[in-house]
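Undergrad: So the sequence shown is numbered by numbering that gives the first Met the number 0: it starts at 0 and just counts up by one.
Among the hints, erroneous ones may be present.
[Unchecked claim] Within a straight-line C-alpha distance of at most 20 Å, the following computed EDC-like cross-link-like pairs (lysine to aspartate or glutamate) qualify: (1) Lys126 to Glu54; (2) Lys142 to Asp35; (3) Lys155 to Glu54; (4) Lys142 to Asp129; (5) Lys58 to Asp74; (6) Lys58 to Asp6; (7) Lys8 to Asp151; (8) Lys142 to Glu10; (9) Lys142 to Asp6; (10) Lys155 to Asp129; (11) Lys8 to Asp129; (12) Lys155 to Glu135; (13) Lys155 to Asp35; (14) Lys8 to Glu87; (15) Lys8 to Asp35; (16) Lys58 to Glu90; (17) Lys58 to Asp35.
These are computed hints drawn from the structure, not numbers from a lab.
If you're wondering where the values come from, they're calculated on a predicted model, not measured in any experiment.
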Amino acid sequence: MQSITLDLKDEQDTVNLGRQLSALITPPLIIYLSGDLGAGKTTFSRGLIQSLGHEGAVKSPTYALVEPYELNGIDVFHFDLYRLYDPEELEFMGIRDYFTTRSLCIVEWPDRGHGLLPQADIQINIKYVDTGRQVELKAISPKGEQILVSLDNNAKKQ
0 MQSITLDLKD EQDTVNLGRQ LSALITPPLI IYLSGDLGAG KTTFSRGLIQ SLGHEGAVKS
60 PTYALVEPYE LNGIDVFHFD LYRLYDPEEL EFMGIRDYFT TRSLCIVEWP DRGHGLLPQA
120 DIQINIKYVD TGRQVELKAI SPKGEQILVS LDNNAKKQ
């Protein structure tokens with residue numbers, strides 16, 4: 000499966016990556032975001048969600064667990080599972096109802112929901128490297144593979 004590693008020098012590069020990815024996606028799609036606190040998971044999500052048409056702030060849904068957006072016929076659900084104590088809590092919130100044919104689900108801290116979340120199409124890991132970030136994008140499904148091939152081809156054209 001396709002894998003891409005990118006070096007991002009600042010916050011704007013992280014936002015731009017989200018924007019670039021937004022141009023290539025169609026529902027249904029599941030993106031897992033992993034990385035240390037403050038690494039840029041929500042910053043990436045902001046670029047993606049705003050590029051899909053959301054005007055205004057994109058905040059981390061740390062306490063609510065999920066922030067919904069309806070954007071141009073796409074149900075976008077931004078999850079932050081950092082404060083999840085037991086994956087069973089996801090059952091109580093009806094987690095399966097969020098993953099539909101109309102939805103883009105962005106899941107921060109997906110390891111906290113292990114066993115109850117559907118498989119991701121794309122796994123993104125963000126880590127600190129000096130003052131910048133290194134982002135590894137991995138395709139997990141054939142749809143994720145198509146998206147990352149397109150992203151890589153677009154990057155080579157620039």
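Undergrad: Run every hint past the structure and note whether it holds.
TA: Status of each hint after checking the structure:
With a C-alpha separation of about 28 Å, the suggested pairing of Lys126 with Glu54 is violated against the 20 Å cut-off. Straight-line distance between C-alpha atoms of Lys142 and Asp35 comes to about 27 Å, which puts the hinted pair past the 20 Å bound. Between Lys155 and Glu54 the alpha-carbon distance is near 30 Å, which puts this suggested pair outside the 20 Å criterion. Distance restraint check for Lys142 and Asp129: the Cα-Cα separation of roughly 33 Å exceeds the 20 Å cut-off, and the hinted pair is therefore not satisfied.
Between Lys58 and Asp74, the direct Cα distance comes to roughly 17 Å. Compliance with the 20 Å bound is thereby established for this hinted pair. For the suggested pair Lys58 and Asp6, the alpha carbons sit about 24 Å apart, so the restraint of at most 20 Å is broken. Distance check on the hinted pair: Lys8 and Asp151 sit about 18 Å apart at the alpha-carbon level, within 20 Å; holds. For the given pair, Lys142 sits about 27 Å from Glu10 by alpha-carbon distance, which is inconsistent with the 20 Å threshold.
Between the alpha carbons of Lys142 and Asp6 the distance comes to roughly 24 Å, so the proposed pair goes past 20 Å and is violated. The hinted pair formed by Lys155 and Asp129 fails the criterion: a straight-line CA distance of about 25 Å is larger than 20 Å. For the hint linking Lys8 to Asp129, the alpha-carbon distance of about 9 Å falls within 20 Å, and the restraint holds. The suggested pairing of Lys155 with Glu135 holds, with an alpha-carbon distance near 17 Å, which does not exceed 20 Å.
Using a Cα cut-off of 20 Å, the hinted pair Lys155 and Asp35 is violated, with the two alpha carbons roughly 29 Å apart. Between Lys8 and Glu87 the alpha-carbon distance is near 38 Å, which puts this suggested pair outside the 20 Å criterion. Simply put, Lys8 and Asp35 have alpha-carbon atoms about 17 Å apart, close enough for the 20 Å limit, and the pair holds. Proposed proximity of Lys58 and Glu90 is contradicted: the alpha carbons are some 23 Å apart, above 20 Å.
Of the pairs offered as hints, the one joining Lys58 and Asp35 holds, with about 17 Å between alpha carbons and a cut-off of 20 Å not exceeded.
When held up to the earlier numbered hints, the structure conflicts with 1, 2, 3, 4, 6, 8, 9, 10, 13, 14, 16 and fits the remainder.
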